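A.B. asks: Hints in hand, dock the two standalone chains.
Read top to bottom, the protein sequences are chains X and Z. For the first sequence, the working numbering assigns the number 1 to the initial residue and increments by one for each residue that follows. For the second sequence, the working numbering assigns the number 1 to the initial residue and increments by one for each residue that follows.
No wet-lab data here; the hints were simulated from the structure. Being a predicted model, the structure only gives us computed values, none of them experimental. Do not take every clue at face value.
Said to hold, decoys possible - Computed list of chain X residues with no C-beta within reach of chain Z, every gap over 10 Å: (1) P64; (2) A67; (3) V95; (4) G99; (5) Y170; (6) L200; (7) P225; (8) L247.
As the list claims (entries may be wrong) - Now the in silico label distances, taken between C-beta atoms and shown as ranges: (9) Z:F329 / X:E66: 45 to 53 Å; (10) X:R107 / Z:R140: 30 to 38 Å; (11) X:G138 / Z:L204: 49 to 57 Å; (12) X:P35 / Z:V334: 48 to 56 Å; (13) Z:R140 / X:G19: 34 to 42 Å.
Said to hold, decoys possible - To list a few chain Z residues with every Cβ distance to chain X over 12 Å, as calculated: (14) F89; (15) L227; (16) L244.
Each residue gets a CB set at the ideal place from its N, CA and C atoms; glycine is no exception.
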Amino acid sequence: MLEAKGLGYRVGERWLLRGVDLNLAPGDFLAVLGPNGSGKTTLLRLLSGELSPTEGEVRLLGKPLEAYGAQGLAQKRAVLSQGREMSFPFTAYEVAFLGRLPHIAGREGPEDHARTWQALEKARAAPLAERFFLSLSGGEAMRVEVARLLAQEGEVLFLDEPTNHLDPRYALELLGLFRAMAHEGRGVVAVLHDLNLAALFADRVLVLKGGKPVAQGGPETVLEPSLLEEVYEVPFRKVGSLGRIPLLLPVPQGVLRGT
Amino acid sequence: MTEALSTPSRLRRYRRALWGLALLLPSVLLLGVSLGAYHIPLQDIPALLLRGEGVAYQVLVALRLPRVLGGALVGGLLALAGAALQGLFRNPLVDPGLIGVSAGAALGAAVFIVLLPGAGALETYGLPLFAFLGGLLATRLLWRLAHTPLGVQVTVLLLSGLALNALVGALIGLLTFLASEQELRSLTFWTLGGFSALTWRLLLAGLPLGLLALFLLLPLARGLNALALGEREAFHLGVDLERLKGRLVAGSALGVGVAVSLAGGIGFIGLLAPHLFRLLAGPDHRFLLPGSALLGASLTVLADLLARTLAAPSEIPVGVLTALLGGPFFLYLVLRHKREVYRA
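Just chain Z, with the same shape it has in the complex (with noise of 0.2 Å):
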């Protein structure tokens, strides 16, 4: 049998969009580690980093590359997340941001720096690891919550996204009145969100659960495809559902609980990455999950750019941008959802 027979051209879309991103990324990171309030033309970085000093240098070294890079593996852990979660949920209206899983994984973190201060040189690592926790309680209640024996009804589920975000947004709203000035800050950026504060140390930290969740989630793609059949017809192809959905729940949750540790809620990149792989090739997840990885990581390192160069020198918090241009994104969706339920 001819290659062209025994492959569809689908297959070679979803290749052609894979390597598109792949290549996408580092120019993006090229661009967002030169431009800036600063301008550090990119010809120069190759002897700036030789020279090893200076004030390019720094704002480079110190600054530039640390929150690129961040913003990067932000972007990638949240677009992954999403795409993982919506496999799950088996609804493409899934955000990690929309149905609380970035809330969970927010009050964990706002738990650690209010009840357990002064954690030293453990800071670094619990702060992501309690964050994880938050979002893998936050996403086993939603499941629990929005699962049925029809499988798992959308409403229950936004719904029951919405009820968790207004009582994280309280219990946070509590632990202010604990904490103390410096505290206060912290959390104050948690709900805002943003990659000014990034730094190697933190980023050094978040790194190497970032890959767990990616060599967690990434094997999943064909369980996933199974999946989206329904879980009965999953079982019936040879999926073992119990390990599929723990491995996915504990992945998400670990890519939520770290990008949202480094730089607090920034919504919408779970949503618009996976959907904009969909629509350059197409759903399967063996190629979704990587290819909104990247996207993800383009889209976020882009957002930050512009919201670091557009009202220079002051900044626009990204999550602010991210919203503008996710939330008409999302009414779109919903749109084309409610058409073609209600046929209206």
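Excised from the complex, chain X in its bound form (with noise of 0.2 Å):
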């Protein structure tokens, strides 16, 4: 349903991303890791469609992104990013109902306040529902915004870091709602910063580095300590696994405390 091929993406002289090719099939959830400044939230913007491409194409459910106008785009991708800037008093409703807003042509029916607040109690945000946006907590406010990406009803979902500020629980939550979406029929794209979430939710990763691929495929084989060492340059160990699902921990060179 998502395919990039030879993606590029290049300011000034400077490529931010190279080389870049993914297939997303329904009911895929790729993680995509790699250190800070190694392309991640490019390649999200590029398969977004926020950005354009400098070289390579981005097809969507067959169709090259180009195809589609701004509203047409977002009746069939929708895209959680990581920033939270609101200067008006919305409600934590009104926030997630303007997921809503590709699908509404003229006047909003009341299927579309009922898809709200099912996405609402889907998220576990209904309780909010009546509370100012900004007056949430991190983790609340993260929720309303799950509500908003649920209510946008996308077949393809775009996660930039969902699991930051979040605490584990909520972090296994998010992500496992999302894993269900996938099991669905949807397919998933989440950048994340913790291997060992990506190594439990993801069917595949894809693994950046300075702008380029240096893997891609199922966790259990690309999350070796030796690859990852390379990538983040910094020793990991394999403290253990979970059935096939490899637990890693990043170690610090020098004596470790109590050992």
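C.D. replies: Laid out in structure tokens, this is it:
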């Protein structure tokens, strides 16, 4: 449902990203990993149509991205980005309802409100509906943003570091929700920092370094300490596994406390 | 799903506020028509209009009506433009006067008066058009100055507005050297502002352009709601950003241009009305845009009413009154902004 071929993006003389190929099928959860500044967010912005690639192309549901208008694109894909800026006193409900925007032609119908409530329930944000968005804590605001994403009903979902600022319980809950949505036949692309969360929830990982793809495949094959050491330039140790899922820990080069 | 569940209480509040304001405006208009240095009892108005002669009729038709209706048009447009610009710059501290859009429009009008004298029949239409062009240039310049990859920076925006206001003041000052006696009187009027010179001719020339501004801005409400989340989020939600910004800038400049060409620089209405509506109901632009326009119209007619009755038979400049109201309110907003940003 989402295809990228030879994707590259250049600013001035510098390539922020180059040579990325990927193919996302319905039901896929792809995690994009890599150190800071490796081009993860740039990739997400290219895939979501926010930036136009310098070379290569992206196809969404068989059609090149340029063939979509802004609204057409918004009916097919939804994006959860990192920024949380809001300058007016909107309520959580009003923010979640904005997800219906691409589907409303003329006046909104009762089904738009019904779907907003369903999305709020699913994201466990319904009790927050009447609160001011700005007064919510980081975790609560994230649930409302997720509800907005669900209300948009995109077939491909892009998540930019969705677990930032979330405690372990919310983080697991959130990724579990998107894992379940992939199960229903949607495609999910998530930029993640936590390697273990990626290993737990993604069926495939794409590792970037310096704007270039280093490896792509199942987490159990890609997430090897040797590869991670090369990418992150810090030693990694496999501290165990959950079934076939490796659990990894970066360790400092010097002496560890208590060893 | 029941109505109560699918439409939260906020929606009812919006509707109630909008209806209330829609009822407030005609009452304020009637009050404005009736009261003044020459009192015209409300119950006499139908008979006066039917008779069609006499001093009271002259006061009513030639002076009172254009003045009150013009005040409503000017206030409505300034408030609408204020709400739209606050949405565009994503900042509630924005006012067309504070950031220099009104100054740009005033410069356009001044250029037209001094450099194109004797435009004759074209004058009534040329003036709002030039004011529009001045406002448009100012708004576009401000956008380029204050827009950064991280969004609009309010410090840069307000500082740019300060610079723009000073620059325009200087340029209008220079134009006064080129102006003839009669042009000078027009110029002074623009820098002070007021509704005493409003005539049917001016009003009818400004009305179609004002309606065009309304027509341009009102359909942008949903896009503005999405823009409140940020530019990237608005794009993700399917908003065509370039088109939205283009229409916002053009519509606001048109509204401010018409308002300035009719009444000069009336400050703070564009700041006050959207804020009061947000306090009254909420920030949803589908209600905020028409609500601000209605509220701005009522506020302006009331301010003008006070301006011409408080010290009757002489008049206080209406800009003085709006500044008396708006200045402290702006300070309060700045304090609140400070508390939110710096937690101090």
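A.B. asks: Compare the structure with each hint and give your call.
C.D. replies: Going through the hints against the structure:
{"no.": "1", "hint": "P64", "verdict": "holds, 18 Å"}
{"no.": "2", "hint": "A67", "verdict": "holds, 15 Å"}
{"no.": "3", "hint": "V95", "verdict": "violated, 7 Å"}
{"no.": "4", "hint": "G99", "verdict": "violated, 7 Å"}
{"no.": "5", "hint": "Y170", "verdict": "holds, 21 Å"}
{"no.": "6", "hint": "L200", "verdict": "holds, 27 Å"}
{"no.": "7", "hint": "P225", "verdict": "holds, 36 Å"}
{"no.": "8", "hint": "L247", "verdict": "holds, 34 Å"}
{"no.": "9", "hint": "Z:F329 / X:E66: 45 to 53 Å", "verdict": "holds, 47 Å"}
{"no.": "10", "hint": "X:R107 / Z:R140: 30 to 38 Å", "verdict": "holds, 33 Å"}
{"no.": "11", "hint": "X:G138 / Z:L204: 49 to 57 Å", "verdict": "holds, 55 Å"}
{"no.": "12", "hint": "X:P35 / Z:V334: 48 to 56 Å", "verdict": "violated, 42 Å"}
{"no.": "13", "hint": "Z:R140 / X:G19: 34 to 42 Å", "verdict": "holds, 39 Å"}
{"no.": "14", "hint": "F89", "verdict": "violated, 9 Å"}
{"no.": "15", "hint": "L227", "verdict": "violated, 10 Å"}
{"no.": "16", "hint": "L244", "verdict": "violated, 10 Å"}
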